[in-house]
Amino acid sequence: MIALRNGVASALVGIGVWWLVVIVSGLPPFILPTPDRVAQTLWTARVTIADNAWVTIVEVLAGLVLGSLLGAAMAIQLAMSPAARTLVRPILVFFQAVPVFALAPILTLWFGYGIWSKLVMALLIIFFPVTSAFYDGLTRTPQGYLDLARVMQGRSWAVMLRVRIPNALPSLASGLRLAAVYAPIGAVIGEWVGASRGLGFLMLQANGRAQTDLMFAALFVLASFTILLHFLVDRLARKITSRYAPDHG
Amino acid sequence: MHAPPSVTVEGYAEAEGRSIFPSLRLDLRAGEWTCLLGPSGVGKSTLLRLIADLPTGIEFHGSVRAEDGLPLEGRIALMAQSDLLFPWRDVSENVLLGSSLRGERSDRERAADLIRRVGLSDHANKRPSELSGGQRQRAALARTLMEDRPLILLDEPFSALDALTRAQMQELSASLLAGRTVLLVTHDPAEAARLGHRILMLDETGLHEMRPPATLPLREVSDPETIRAQTALFEALRGQAA
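Those sequence lines, one after another, are chains V and B. The opening residue of the first sequence carries number 1 in this note's numbering; numbering runs sequentially from there. The opening residue of the second sequence carries number 1 in this note's numbering; numbering runs sequentially from there.
One chain only, chain V, in its complex shape:
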């Protein structure tokens, strides 16, 4: 409740400052529109915005799910197989060093102007933080657990499934938190480079036509969605962490 009240208060302060800047500076609306004008556009252009937001949301969510699944699978593979570590890890480090933005044009070339190029962008940008956070967790199983499992003659698949993976879930959760922040960036960059729909596309088009109020309205929706996504993933991550983190009893 307090968090909500503080949130509302700081939003009001933000809008107040914004308004003040417009009045004091006397900037024309096509450079910096007033908050009420943006709100008005948000309403009048709601169908356009919703159509495009829907595309972006699907790209982000699909990228998030696929990127997380692939990242988790890669982490498990790396943790289980020394050969995979030797061969694949350097490749992963190399690709992690390549800014995904730089790949956007080539991805558009390969996967087209539709949803796939954006989905792959989001997927790529999510894949690395999830892989490295989860892999890190998988390599940090407490020695005592491994001792116990060994003395109990645990099978390696069972030790992975019932000891190492559950113990690494809090690390996966922190990877997912990062992924939730990165995923919309990936999708929007993809839309900027080449798209016919989506919030990124809408913003770019509005910008080009000096419809700054529409750009702000789209930005507002994108930010709201990102915050909501972050909030939901954070709740999931907290749940995982409270259940699986060591309790030091």
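No lab work stands behind these hints, which were simulated from the structure alone. All C-beta atoms, glycine included, are put in the ideal place defined by N, C-alpha and C. There is no bait here: all hints are sound.
Calculated from the model, a selection of chain V residues having no Cβ within reach of chain B, i.e. all distances over 12 Å: (1) 32; (2) 94; (3) 116; (4) 196; (5) 232.
Short, incomplete list of chain V residues facing chain B, as computed with Cβ under 8 Å: (6) 145; (7) 152; (8) 153; (9) 159; (10) 243.
Start from chain V and add chain B according to the hints.
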């Protein structure tokens, strides 16, 4: 459970050219509690890990063998200072850990019976975080018993408990682990004096046989003979530290 084996460790250990322990021979007699006493960092736990075939990070030159000539693998249960309960499993699932890691069917009835014997029936469905330190170690004891192994390795399992809980855990363990070959690594002379059929002291010069009290374990905390033995062990430890 199969007949408890006698176990012999013979050899010496070093790490990066530095001696961990000199040439020694450690005998665990079948069905008895052997207490291994000594100051911290002298290699007591390393000896225990060698028997369990766990990674030690040292070079051991020698052998670990059961006197019946059969491999030790699959005949050992381990209990450590940390209870090693998995926070995401309740007590009952923790007790059943071994079978789930081996991919075997879980004997839930036996687990429930063991949980009852360690006095945790009311807590069987609780997570470890909801238990006290003593209750957690009792759950770990039930997990150890569930394995039903003839050789039990205890690595300071009671050292983190308060005095009263520790005494209770010693009594419970002595009664429930009776008849098995037990190695108890400890730095507590009182514990060794209460529980040991044999008491050994490890220091840089090797392994020394100490005189246990004339009575058989489990000995009362207040038993004069036990207190005398405890004092002697304490003095011996202090002599090494000096």
